[in-house]
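Participant: This is what each chain is made of:
Number of protein chains: 2
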Amino acid sequence: MTEPATVIEFWYEFASPYAYLAAARIDRLVAGAPVRVAWRPLLLGPIFQRRPGHASPFQDAPPAEAAYRRRDVERFAARWGIPLAWPRHYPRASLLGARVALLGGDEGWASAFSRALYRASFVEDRDIAEPATVAATLDGLGLPAAAILARATQPAHKARLAATVEEAMAKGIFGAPSFVVAGEVFWGNDRLDEAVEWALRPEVRLPRRPPAR
Amino acid sequence: MTEPATVIEFWYEFASPYAYLAAARIDRLVAGAPVRVAWRPLLLGPIFQRRPGHASPFQDAPPAEAAYRRRDVERFAARWGIPLAWPRHYPRASLLGARVALLGGDEGWASAFSRALYRASFVEDRDIAEPATVAATLDGLGLPAAAILARATQPAHKARLAATVEEAMAKGIFGAPSFVVAGEVFWGNDRLDEAVEWALRPEVRLPRRPPAR
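Line order of the protein sequences matches chains C and U.
The first sequence begins at 1 in this note's numbering and counts up by one.
The second sequence begins at 1001 in this note's numbering and counts up by one.
Isolated chain C, as found in the complex (with noise of 0.2 Å):
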């Protein structure tokens, strides 16, 4: 019997630059180590809309900051040598993405797919809103894309997506991406390498209630 592998829970928004990062490295920090990712898209459009007073931190930054954060990124990417281009169109309308990506963590090809989809949108320019776009990602990956566009968007299936942020706020997540390990919230791509070092050490692990100092 084979030990059973610790999971890091990768919640992630296909509009959020921060996550293509983290989709970019996620899997290679964790190749080979006993740690099972899950890939678990969702959508901040809900999050964001039940902050009072707030909105996207990423839309409505004030400028120093909206421009800080998009160099950010690009010294990030540099350092990792993450391939960068920035959209065009910013943010594009992930909705479509992350109903297929739901689809794609109960047959294990969310990661790739998500992958591929975050290099359409910000390496490639492309338009990911459009369902010829998520087509085509699919299709490069040899899965059968017209087939799996009709179940995205059945009824039940855009419910389900509905519950996963639910399901995601319930956690404490506020935010993408975020990584949960062991009910442990990890929110930005600055803590990526922390959430593996959770998943990977139990013994760095900080107890919820740390003792009295």
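Think of the hints as simulated: they come from the structure by calculation, not from any bench.
Be careful, since some hints might not be right.
Only part of the chain U face toward chain C is listed, based on derived beta-carbon distances under 10 Å [to be verified]: (1) A1061; (2) E1065; (3) R1071; (4) D1072; (5) F1076; (6) A1078; (7) R1079; (8) A1147; (9) E1166; (10) M1169; (11) I1173; (12) F1174; (13) F1186; (14) G1188; (15) E1197; (16) R1208.
Have a look at the derived ranges for each label pair, beta carbon to beta carbon [as the list claims (entries may be wrong)]: (17) C:A146 / U:V1007: 55 to 61 Å; (18) C:E130 / U:G1032: 16 to 22 Å; (19) C:R36 / U:R1036: 44 to 50 Å.
A virtual CB, placed ideally from N, CA and C, is assigned to each residue, including glycine.
Chain C is fixed; fit chain U onto it per the hints.
Facilitator: Just chain U, lined up with the frame of chain C:
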């Protein structure tokens, strides 16, 4: 002749727990390297006041996000062995501390004073808004507390701190802690190591306008 040291500007706010974490590490990180840390106190209040519709990301965050940030600070502190005990009252008024630290920047004791004042707030749970706490912190460093407090509260010096905040914003700073290396802004305690790397290894610096890809 010795080579001129690269400067890391360290912009910090005494109310910020993330700035406390950075203050606890920054001098150690560059010890022995040809790098000088310029401790630059600032106030976030005037910066946040100019965010339309945005107040403090800490105070006005939704509950899940606020709880996450506390936990994130605790994880980082535990990982790096930085003592931490949450103040009973938060945030504490940092104005007097910033005025005093600005004097310390002129006279070479900003680092020692600032680290001690952070400890007073985030380890010893003392009210750093009280002149008595600031005075005791100066005393503990063998500095002439009464004379320093008198200078720190003169109108011209108050105006100088206000001008410092303008200087920070002109550089593109919108939060704290921030680091500036060779004109490049890094925001957040989690970017400290990257800022240090830029200071120590100019070859990693990303040009401002990356070539088209």
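Participant: Does each hint hold? Answer for all of them.
Facilitator: Cross-check of the supplied hints:
Checking A1061 (chain U) against chain C: minimum C-beta separation of about 8 Å stays under 10 Å; hint holds. Given the 10 Å rule on beta carbons, the hint for E1065 (chain U) holds: about 5 Å separates it from the nearest Cβ of chain C. At its closest, the beta carbon of R1071 (chain U) sits 8 Å from a beta carbon of chain C; the interface hint therefore holds under the 10 Å criterion. Interface restraint check for D1072 (chain U): the shortest CB-CB distance to chain C comes to about 7 Å, inside 10 Å, so the restraint holds.
Nearest Cβ of chain C to the Cβ of F1076 (chain U): about 9 Å, under the 10 Å cut. The hint holds. Contact between A1078 (chain U) and chain C, as hinted, is supported at the beta carbon level, the nearest pair being about 5 Å apart and thus within 10 Å. With 10 Å as the threshold, the beta carbon of R1079 (chain U) comes within range of chain C, its nearest partner Cβ sitting at about 7 Å, so the hint holds. Because the smallest distance between the Cβ of A1147 (chain U) and any Cβ of chain C comes to about 35 Å, over 10 Å, the interface hint for this residue is violated.
Contact between E1166 (chain U) and chain C, as hinted, is not supported at the beta carbon level, the nearest pair being about 13 Å apart and thus beyond 10 Å. Checking M1169 (chain U) against chain C by beta carbon gives a least distance of about 7 Å; that is within 10 Å, so the hint holds. A distance limit of 10 Å between C-beta atoms decides the matter here; for I1173 (chain U) the minimum to chain C is near 8 Å, and the interface restraint holds. Using the Cβ-Cβ criterion of 10 Å, the hint placing F1174 (chain U) at the interface with chain C is satisfied: the shortest such distance is roughly 5 Å.
The beta carbon of F1186 (chain U) is positioned within 10 Å of a beta carbon in chain C (closest approach about 8 Å), and the interface hint is therefore held. Restraint check, G1188 (chain U) versus chain C: the minimum CB separation of about 8 Å is within 10 Å; hint holds. Evaluation of the E1197 (chain U) hint against chain C yields a held restraint, the C-beta minimum of about 9 Å falling below 10 Å. With a least beta-carbon distance of about 9 Å to chain C, the hint placing R1208 (chain U) at the interface is held under the 10 Å criterion.
Taken as a hint, the range 55 to 61 Å holds for the pair A146 (chain C) and V1007 (chain U), whose Cβ atoms sit roughly 60 Å apart. Remark: the range hint 16 to 22 Å for E130 (chain C) to G1032 (chain U) is contradicted by a beta-carbon distance near 55 Å. Range check, R36 (chain C) to R1036 (chain U): about 46 Å between beta-carbon atoms, so the 44 to 50 Å window is met.
Hint check: violations occur at hints 8, 9 and 18; the rest are consistent with the structure.
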